[in-house]
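K.L.:
Just need the whole structure built from these sequences, with the hints factored in.
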Amino acid sequence: MIYVGAIVLWFVYFQYIDYLFMKIQGLGYFTFIRSVF
Amino acid sequence: MQLCCGGNANCFVLGHGNIHNIVCYRTSQPFQIEAGGHKVKAIVNGKKVWSLFILGIIGISFLASLLLPMLPAQVLAQEAAAPAVEKAKDVYYKTEGIVAGSPVPKLTAKDYPKSGWPGPMGESRVIIWSVAQQHLYFGSFVLAVPIFCMIIELVGILIKDPVVSKRYDNLAHDFIRISLTAYSVTAILGGLLIFSFITLYPDFFRYLASLFRPFMHIYALLFLAESGTLYLYYYGWDRMSEGFLKWVHASLSVLMNVFGTTLMMLANSWSTFMMSPAGVDEQGRFLGNFWHLLHSALWNPLNVHRIIGNMVFGGGIVAAYAAYKFLSSRTQEEKAYYDWMGYVSMFLAVASLIPLPFAGYWLMREVYAYRQQMGITLMGGLLAWLFIIQAVLIGALFFASVYYLFNGMERMRGAERYQRYIKYILFMMTAAFLVWLTPHTLVMKASELKAIGGQQHPIIGNYGVMSAKNGAVNTMILTTIIAFVLYQRANKIITVRWATLGNALLVSMFGVALVNNWWLAIYGYYIPANVRVGLSVPQVMGTLTCLAVGCAINIAMLRGAKHTGPVEWGKISVRSQYALFALAVSFTWLMALMGYIRSSVRLFWHSMEVFRDNSPWAFTHTIGFAANVMSLNVLVFWIFCLFVFWLGELSTHKAVPSMAEQKAPARAPQPAIAGGSE
Numbered sequence: 002m003i004y005v006g007a008i009v010l011w012f013v014y015f016q017y018i019d020y021l022f023m024k025i026q027g028l029g030y031f032t033f034i035r036s037v038f
Numbered sequence: 020m021q022l023c024c025g026g027n028a029n030c031f032v033l034g035h036g037n038i039h040n041i042v043c044y045r046t047s048q049p050f051q052i053e054a055g056g057h058k059v060k061a062i063v064n065g066k067k068v069w070s071l072f073i074l075g076i077i078g079i080s081f082l083a084s085l086l087l088p089m090l091p092a093q094v095l096a097q098e099a100a101a102p103a104v105e106k107a108k109d110v111y112y113k114t115e116g117i118v119a120g121s122p123v124p125k126l127t128a129k130d131y132p133k134s135g136w137p138g139p140m141g142e143s144r145v146i147i148w149s150v151a152q153q154h155l156y157f158g159s160f161v162l163a164v165p166i167f168c169m170i171i172e173l174v175g176i177l178i179k180d181p182v183v184s185k186r187y188d189n190l191a192h193d194f195i196r197i198s199l200t201a202y203s204v205t206a207i208l209g210g211l212l213i214f215s216f217i218t219l220y221p222d223f224f225r226y227l228a229s230l231f232r233p234f235m236h237i238y239a240l241l242f243l244a245e246s247g248t249l250y251l252y253y254y255g256w257d258r259m260s261e262g263f264l265k266w267v268h269a270s271l272s273v274l275m276n277v278f279g280t281t282l283m284m285l286a287n288s289w290s291t292f293m294m295s296p297a298g299v300d301e302q303g304r305f306l307g308n309f310w311h312l313l314h315s316a317l318w319n320p321l322n323v324h325r326i327i328g329n330m331v332f333g334g335g336i337v338a339a340y341a342a343y344k345f346l347s348s349r350t351q352e353e354k355a356y357y358d359w360m361g362y363v364s365m366f367l368a369v370a371s372l373i374p375l376p377f378a379g380y381w382l383m384r385e386v387y388a389y390r391q392q393m394g395i396t397l398m399g400g401l402l403a404w405l406f407i408i409q410a411v412l413i414g415a416l417f418f419a420s421v422y423y424l425f426n427g428m429e430r431m432r433g434a435e436r437y438q439r440y441i442k443y444i445l446f447m448m449t450a451a452f453l454v455w456l457t458p459h460t461l462v463m464k465a466s467e468l469k470a471i472g473g474q475q476h477p478i479i480g481n482y483g484v485m486s487a488k489n490g491a492v493n494t495m496i497l498t499t500i501i502a503f504v505l506y507q508r509a510n511k512i513i514t515v516r517w518a519t520l521g522n523a524l525l526v527s528m529f530g531v532a533l534v535n536n537w538w539l540a541i542y543g544y545y546i547p548a549n550v551r552v553g554l555s556v557p558q559v560m561g562t563l564t565c566l567a568v569g570c571a572i573n574i575a576m577l578r579g580a581k582h583t584g585p586v587e588w589g590k591i592s593v594r595s596q597y598a599l600f601a602l603a604v605s606f607t608w609l610m611a612l613m614g615y616i617r618s619s620v621r622l623f624w625h626s627m628e629v630f631r632d633n634s635p636w637a638f639t640h641t642i643g644f645a646a647n648v649m650s651l652n653v654l655v656f657w658i659f660c661l662f663v664f665w666l667g668e669l670s671t672h673k674a675v676p677s678m679a680e681q682k683a684p685a686r687a688p689q690p691a692i693a694g695g696s697e
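Keeping their order, the protein sequence lines are chains A and B.
Residue numbers 2 to 38, in the numbering used here, belong to the letters of the first sequence in order.
Residue numbers 20 to 697, in the numbering used here, belong to the letters of the second sequence in order.
By construction, these hints were calculated from the structure, which means they are not laboratory data.
Glycine included, each C-beta is placed from N, C-alpha and C at the ideal position.
Any given hint might turn out to be false.
Claimed, not checked - Short, incomplete list of chain A residues facing chain B, as computed with Cβ under 10 Å: (1) W11; (2) I18; (3) Y20; (4) L21; (5) F22; (6) M23; (7) F31; (8) I34.
P.N.:
Here's what the structure looks like:
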């Protein structure tokens, strides 16, 4: 259980980092996701 | 105060309050004295403050002196402009300035003197190339070693255990001794380089000197200042070994590094002026602004890249020295000491290596921003194949580092618990390495082209793009960090209550970071190239998070850990020492390779788009020829290096410090600082 919690924590953290830096560079995180799927 | 060894005793203040436990430096015997605790503490703190104050004054005076050339800049420009004011536009800053210099000379092939030497050395460019490379090698080494000395000496001062503290102090002393001979060689090679420029490229050198004249004067003065500080630092080591003087000595190392780094930055400005000129108009005429001249587009990226690169290189050379000494050691004590020295050097080199690719990315990004064509020539055109060789060498560095770390675990009992992870780490590194070195396009015969079905292989061709390579290099770095985390744990059993939580945080962090890194790498295939570049930033941030947070969690978990045995320094395989050599030689080769790439990207320009190179050698050599010259330079450098190592050995007569773990006496608390006695 503790591992699941840790994975969720880091997943949220790394995705936030991705979102933040994409936003700073004007890339648009969700636009990218839509373009893939 | 009471002394145990007379007036010259080197003693450590250990206690608090009115009773002080003193450890005699020579006999290691503890004894006690009474003194006013607060008074001693106040004096010690006062000494630190004074040391820092003096350092600050020197630093401010030095920085103020740097601003001096900016002052006459305007005056010179006004004087020159007095008779007839002519204005022109800066080629880079696009600002208007008063013309204060001559245009670049129009040269023909006849204006370039020839050395008349047989073979490839008849080409003036090859002579300059080789001499500059040797000068740069030694220059990098003597700039990097003082940075290590500064760090190691400070660590020695701050470490509470007097035996370990002395060991670090000795290590810093050994480092600076090696660099002392290298310093002289650097100066000689610098002189040789100037003579080569004056005799082989007189017009170009005259032009460059006319622009950078004030900086060249400062350069010479800084060289004097650095030499003076270096000699004071080295020869004053024993005299300034305690109390206030020890802090002054440590401050000298800071000062030496300020001089050295500024020196390097000035020399960098000449190189970057050749790549991305600024401060002149399109005819190459100086416009009176020295800051523009200095601060060209690539100056700061190159400064950062070179500082980090020098540290990697310096660490590699000292690690090779330690390996050389380890292999030639006859006693177990010597083997133990040089094994430890090799480990510390390797650690410093790899710690510097991790941020190096990011500094490289910044430099490349600025190159693309300055002239896109330059970036394409470098990474997608004429010089692109050299980047494949670079990838192989960088991969070799990571492999050698991880190989050394796992060999280093042999020194520790209990490390066998982690042996089973080696195969996974090796697999990940190999997979990442293969992606990392896959070229985008291959040079092929018509039949090969037909067999593959095009210029790119249908499957592995996909790994040739930057998106895959960003993912691969971050995977290699993350794997190296994982290997280091395991190394730190090798002889320890974690006892903290939150061990399960800590392990969960660490494992999941590396796992999620790797998956995120691969996800971003795959993502890159779906978006245009100019947008894809931006994805490297979150990838880097993920890796840096793992480096900082991962190591911090690991260190916190190791607090109060149970030791399965001491580190048995000297009990490491001989193979590991060859890994250190491989590391150092790879660094040397990389420097030769990347230096050539950086310089040859100018193609037929002395100074990009301002001063044309009309010499008979203004062409780009074949990759084979360039690789031979680079390899020859590497060979010559290592012959020089062996000479320097041998010279350093001639002056070594003192015994190496003991690496046996010594515990402080039961009653004696840990020392507050290294202090004197009165």
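K.L.:
Closer than 10 Å between Cβ atoms is the bar; does W11 (chain A) clear it against chain B? Give me holds or violated.
P.N.:
holds (4 Å)
K.L.:
Min Cβ distance, M23 (chain A) to chain B: is it shorter than 10 Å?
P.N.:
holds (7 Å)
K.L.:
Against chain B, with CB atoms and a cut of 10 Å, does the hint on I18 (chain A) hold up?
P.N.:
Hint holds; I18 (chain A) Cβ to chain B Cβ min 5 Å, cut 10 Å.
K.L.:
Can we keep the I34 (chain A) interface hint, with Cβ of chain B closer than 10 Å?
P.N.:
holds (9 Å)
K.L.:
Holds or violated: L21 (chain A) as interface residue toward chain B, Cβ cutoff 10 Å?
P.N.:
For L21 (chain A), the interface hint holds, since the closest Cβ of chain B sits about 8 Å away, which is under 10 Å.
K.L.:
Under the criterion of a CB-CB separation shorter than 10 Å, is F22 (chain A) in contact with chain B as hinted?
P.N.:
holds (4 Å)
K.L.:
Hey, does the Y20 (chain A) contact hint survive, CB to chain B under 10 Å?
P.N.:
OK, holds: Y20 (chain A) within 10 Å of chain B, min 9 Å.
K.L.:
Identify whether the interface hint at F31 (chain A) stands, where standing means a beta carbon of chain B within less than 10 Å of its own.
P.N.:
violated (13 Å)
The structure shown violates just one earlier hint, number 7.
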